[in-house]
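Engineer: With the sequences and hints as input, model every part of the structure.
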Amino acid sequence: MIVTVISVVFILAGLVFFIGGAVGLIRFPDFYTRTHAAGKGDTLSSLLVILGFSIYQLHDFESFSHDWLTLLVILKLLGISAFILITSPTSTHALMDAGWEDGTKPKIHPDRPNHLNDDCEKF
Amino acid sequence: MASPDTKRKLYRGVVFGLLFLTWMIFSGLFDAFHLTLGVISCGIITWMSSDLLFEDRTIPLLARLRQGKRLGGYCFWLLWQIVLSNLHLLRLAFSPMSSLQPHIVRYETKLETDFEKYLLANSITLTPGTVTIKIMGNTLYIHAISDIAAKGLDGEMERRIAQIFARENTEATVKATTS
Chain A
1 MIVTVISVVF ILAGLVFFIG GAVGLIRFPD FYTRTHAAGK GDTLSSLLVI LGFSIYQLHD
61 FESFSHDWLT LLVILKLLGI SAFILITSPT STHALMDAGW EDGTKPKIHP DRPNHLNDDC
121 EKF
Chain B
124 MASPDTKRKL YRGVVFGLLF LTWMIFSGLF DAFHLTLGVI SCGIITWMSS DLLFEDRTIP
184 LLARLRQGKR LGGYCFWLLW QIVLSNLHLL RLAFSPMSSL QPHIVRYETK LETDFEKYLL
244 ANSITLTPGT VTIKIMGNTL YIHAISDIAA KGLDGEMERR IAQIFARENT EATVKATTS
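These protein sequence lines are chains A and B, in that order.
Residue 64 in my numbering is what sits at position 64 of the first sequence, and the numbering runs on without skipping anything.
Residue 195 in my numbering is what sits at position 72 of the second sequence, and the numbering runs on without skipping anything.
A hint or two may mislead.
[Claimed, not checked] Label-pair distances were calculated between CB atoms; the ranges are:
| # | chain 1 | residue 1 | chain 2 | residue 2 | range |
| --- | --- | --- | --- | --- | --- |
| 1 | A | 104 | B | 194 | 32 to 42 Å |
| 2 | B | 132 | A | 104 | 49 to 59 Å |
| 3 | A | 63 | B | 156 | 20 to 30 Å |
| 4 | B | 132 | A | 22 | 44 to 54 Å |
| 5 | A | 91 | B | 238 | 13 to 23 Å |
Since the hints were made in silico from the structure, they are not lab data.
C-beta atoms are modelled at their ideal positions from N, C-alpha and C, and glycine is treated no differently.
Structural biologist: What follows is the structure in structure tokens.
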């Protein structure tokens, strides 16, 4: 029972961050800031949701000799989250780099620094 | 000290062990048939591409083990940073858009090997509010969504990564250059 409650708390926390990411995706002004919301609101939230799943796997855990196969399920879930931690930033970076190379202009206030444009002279 | 040849064999053994552990976790079947399949496929992969995993094979395995331990500790620190900056992004998503201050900054790094740079760029991208757009030589170009997010780039992350991979005999010099 307690295990179920803890896992539900984790999943709900993940969903809150998902909502934040979705709202940011709609409200943020340009391509780059939107990629921030889409690419990274997801890392922590999917991590929390998967953590909730793996905690839920323990809800009918009785003894190690009887239920050790559920431990394998948990290890697989943790493997998924490790994979997300590696791939999610990589794809976000690839998207942004492709956007820059494609000539998408970032909305940056003239007073604020844009060192990449200073060094590469794209716009 | 072990000779380079036995060290290479040891590294192969470690790669095989890691692969086989992954196999056992993902298959979940422990009868002779599936274990034999695992041994065969892990053996083939180790034979063909074991040198992809650890680049520098002159480092003693015990030092690798210590590196792995520090990497684990770093991951926990990074997770905490991710939580903090996710909260910041969550607040930004619901606040007026005028509070956004996107800009792109330069960041010079002293890290040398590709893996260290990859880890730094990946960690910067993982903490929300900052994304590495480009890496040119030793310069990282980072898109930051607000001043608070950009404040996270104070070199703390780089110092920790340098500490993970500091070689035992040159640790003093590395500390001197990164502090």
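Engineer: When you take the CB atoms of residue 132/B and residue 22/A, is the distance between them in 44 to 54 Å?
Structural biologist: Between residue 132/B and residue 22/A, where Cβ atoms are some 52 Å apart, the hint holds.
Engineer: In this structure, is the beta-carbon distance linking residue 104/A and residue 194/B contained in 32 to 42 Å?
Structural biologist: Holds - the Cβ-Cβ distance for residue 104/A and residue 194/B, about 35 Å, lies within 32 to 42 Å.
Engineer: Lying within 20 to 30 Å: is that true of the beta-carbon distance residue 63/A to residue 156/B?
Structural biologist: holds, 28 Å
Engineer: Kindly confirm whether 49 to 59 Å is satisfied by the beta carbon distance between residue 132/B and residue 104/A.
Structural biologist: Since the Cβ atoms of residue 132/B and residue 104/A sit about 51 Å apart, the hinted range of 49 to 59 Å holds.
Engineer: For the range 13 to 23 Å, tell me whether the beta carbons of residue 91/A and residue 238/B fit it or not.
Structural biologist: holds, 19 Å
Of the numbered hints stated above, none is contradicted by the structure.
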